[in-house]
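Undergrad: Sequence:
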Amino acid sequence: MPPTLTSTWAVKAKAGEPHALIRIRNLQSTARIGVDAWGRPNKSQPILVSVEVSLAQPFAESSSTDKVETDTVHYGRLSKAVLATLREVDTAAAAGDGAAVSLRRLLDIIWWELASVGVDGSPAPGAVDVEKAFLNLSGVRYLSVTLHLPKATLSGGGVSLTGTSLFEMGPLGPEVDVYGVCLQLHKLQVPTLIGINTNEREAKQLVIADIKIDKFIETTDVYPALEKAIHKAGHLHRPPSNPARVNMSNSSFGTLEALAVDLVSSINATRSDAPREPSLPDAWQVKIQLEKPVAVPLAEGAGIEFLSNSSAQS
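Each number in my numbering comes from the position in the sequence shown (counting from 1) with 449 added on.
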């Protein structure tokens, strides 16, 4: 039975509370990866890589001997393996060997290096010796890799792609049971005319948007188009016979709730092959967080969160 695509939250929920975690967070490098904020491929840009390994059992031997034994993961060597992979990819891109490497392609390359399989459980290309994979999957409960391009958006904190998989023991050894892939646009800042109070109708205020798209199976870099769609997601409150679409910054929404639902439709519209039935396993699952930093004077921010299968709003 092939692995099941689900949300990254559902993968970790099924895995349960971990016995032990090994992680590296925001390992920094630069590489010719994905596209930049203007949609240009093969441009060198900063990248942050985070890896989280949930162990199937506590690291009893390592803790008792006070040495890095086989029941844990050496995070120094893990970091070096990731950096070496990034260098190889960047060197090939600089030499013009093959097509530009998308963010999803890089995610799979790192997964192949660490686990000999892709995030969806597909085997690495070519002849691969599973015994030589960096991780011993028999001791791994789940693996999660996040690639963050902090400069890949024009108006926010960049874009990230996370692949998370849960491993179960199969007839031939550990195999992927369920997996999730999530694309996130971080803290997009959009000046917006929004609010139900009289004072809020007099001037634009900043709205911070965090967008997470789970069950993300696209192999191309669509995040510039998504950012553009988010900025153009507002509708004027006009009669239905005149549904003029305008920039989000010119919207006249009264509530963040209404704006969030409209954003789902705009995000879904960027996907030409979006499934009509939200129950299909590859339907996007969109989580939108909207916050107004100045709406409540004594609070750091006030906002809402909305979760939806994107095709459900089409």
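No lab work stands behind these hints, which were simulated from the structure alone. As the structure is a computational prediction, the values presented were derived from the model and not from experiment. Yeah, the Cβ is synthetic: ideal placement off N, Cα and C, and Gly gets one too. It cannot be assumed that every hint is accurate.
As the list claims (entries may be wrong) - Cross-link-like lysine-lysine pairs, in silico, BS3-like; alpha carbons within 25 Å at most:
(1) Lys463 with Lys736
(2) Lys600 with Lys529
(3) Lys600 with Lys461
(4) Lys636 with Lys677
(5) Lys600 with Lys677
(6) Lys677 with Lys492
(7) Lys653 with Lys516
(8) Lys636 with Lys463
(9) Lys600 with Lys736
(10) Lys653 with Lys677
(11) Lys653 with Lys492
(12) Lys516 with Lys529
(13) Lys681 with Lys653
(14) Lys677 with Lys461
(15) Lys636 with Lys600
(16) Lys736 with Lys681
(17) Lys736 with Lys461
Stated by the list, open to error - Taking CB as the label site, the calculated pair distances span:
(18) Thr479 with Phe755: 26 to 36 Å
(19) Leu532 with Asn585: 16 to 26 Å
(20) Ala674 with Lys529: 29 to 39 Å
(21) Asn491 with Asn646: 42 to 52 Å
(22) Val743 with Glu510: 35 to 45 Å
(23) Glu651 with Lys529: 21 to 31 Å
(24) Ala674 with Phe755: 18 to 28 Å
(25) Gly703 with Leu470: 38 to 48 Å
(26) Leu497 with Glu537: 11 to 21 Å
(27) Leu621 with Gly525: 51 to 61 Å
Undergrad: All hints are to be evaluated individually against the structure, with a verdict given for each.
TA: How the hints compare with the structure:
no.	hint	result
1	Lys463 with Lys736	holds (20 Å)
2	Lys600 with Lys529	holds (23 Å)
3	Lys600 with Lys461	violated (28 Å)
4	Lys636 with Lys677	holds (14 Å)
5	Lys600 with Lys677	holds (15 Å)
6	Lys677 with Lys492	holds (20 Å)
7	Lys653 with Lys516	violated (58 Å)
8	Lys636 with Lys463	violated (28 Å)
9	Lys600 with Lys736	holds (22 Å)
10	Lys653 with Lys677	holds (19 Å)
11	Lys653 with Lys492	violated (34 Å)
12	Lys516 with Lys529	holds (19 Å)
13	Lys681 with Lys653	holds (15 Å)
14	Lys677 with Lys461	violated (31 Å)
15	Lys636 with Lys600	holds (12 Å)
16	Lys736 with Lys681	holds (18 Å)
17	Lys736 with Lys461	holds (17 Å)
18	Thr479 with Phe755: 26 to 36 Å	holds (35 Å)
19	Leu532 with Asn585: 16 to 26 Å	holds (21 Å)
20	Ala674 with Lys529: 29 to 39 Å	holds (35 Å)
21	Asn491 with Asn646: 42 to 52 Å	holds (48 Å)
22	Val743 with Glu510: 35 to 45 Å	violated (54 Å)
23	Glu651 with Lys529: 21 to 31 Å	violated (56 Å)
24	Ala674 with Phe755: 18 to 28 Å	holds (21 Å)
25	Gly703 with Leu470: 38 to 48 Å	holds (43 Å)
26	Leu497 with Glu537: 11 to 21 Å	holds (18 Å)
27	Leu621 with Gly525: 51 to 61 Å	violated (31 Å)
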